[in-house]
Amino acid sequence: MKLNMKQGVYYLEADAFSKIYLKLDPDLDRNPHFHDAIELLFFKEGEVLCCCEDQSEVLHPGDIFFCDSYETHCYDILSDHVLAYVLVVSREYTEIFRKLYGDLTFNNFLTDKEMNKKVFDVVDSWLKEGSNSQIANHAYINKILSLLINTYPMINRRSRNNDMLSKELLKYIHLHYLEDITVISIAHDLGYSPEYCSKILKSCLKTGIRDYINSLRINKANELMNDKSLNLSQLEILYQCGFSSPSTYYRVKKKFENN
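Counting from 1, position 53 in the sequence shown corresponds to residue 312 in the numbering used here; the numbering is continuous, with no gaps.
To be clear, the hints were calculated from the coordinates, so they are not data collected in a lab.
This one's a predicted model, so the numbers in the text were calculated from it and none came from an experiment.
The reader is advised that the hints may include incorrect statements.
Simulated pairs of lysine-lysine, BS3-like, Cα-Cα distance not exceeding 25 Å [stated by the list, open to error]:
#1 Lys513 - Lys278
#2 Lys512 - Lys461
#3 Lys278 - Lys430
#4 Lys402 - Lys376
#5 Lys303 - Lys402
Kindly produce the complete structure, drawing on both the sequences and the hints.
Here's what the structure looks like:
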């Protein structure tokens, strides 16, 4: 069974700064979608057809589905009752993994049920703890990734000719938003016209590129300001996050707080 995966909706809420979504969920999203965050499903009950780009496979209790950034994916429930842990992890929690393994990733379908038990135990503990601590969240996601690395061979990320331009643009922004980027510089680096880039991104963001970049910068600046372990002045943080002056930061911050 194949589902139409050519068009996917960008889930902006999945990419909220330092976002962790972890829930034992009976409902899975049938609509093709993608995001910068990685997504994992740990199946407890039922059968589900998991689709990712041009790959699909029916997964069963004890199996794990792994979806990397910007891979369009969706689910088709095949049984009367389904229960799965759904874990969505924003980029901030996978920086170490990305730094160490670069363009390597996992297969989408991880079906060694015996080895997966250790991963399920970690997810169980994470849910039971119910902690909102960023340190604890980092520890849990790194433990899960470490277990997967020790269990499954890693593969090169697939190169797909049918990637939507919006994915390419979003990925570029998430990697470079702390730099002095504009729609003109983004378009130049990626080989498109600024007008075309603006049109494509506005269709999936429902806002302009500048506002989206500023929202990422505001979130990063707020996170650094709340980190008491950093020996940085407010001005140093603002410059580090792409703001030219405190007045610019406060003007942008006020705009987003009033929305």
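Between Lys513 and Lys278, does the CA-CA distance stay at or below 25 Å?
Holds: Lys513 and Lys278 sit about 22 Å apart, inside 25 Å.
* Is Lys402 within 25 Å of Lys376, Cα to Cα? -> Holds, at about 13 Å.
Agreement of Lys512 and Lys461 with the hint, judged by alpha carbon distance not exceeding 25 Å: Satisfied, since the Cα-Cα distance of roughly 21 Å is no more than 25 Å.
| query | Has the given pair, Lys278 with Lys430, been kept, meaning a C-alpha gap of at most 25 Å? | reply | Distance of about 17 Å is within 25 Å: holds.
Given hint Lys402 paired with Lys303 - CA-CA distance at most 25 Å | Given pair Lys303, Lys402 holds - Cα atoms ~20 Å apart, limit 25 Å.
Taken one by one, the earlier hints all hold for this structure without exception.
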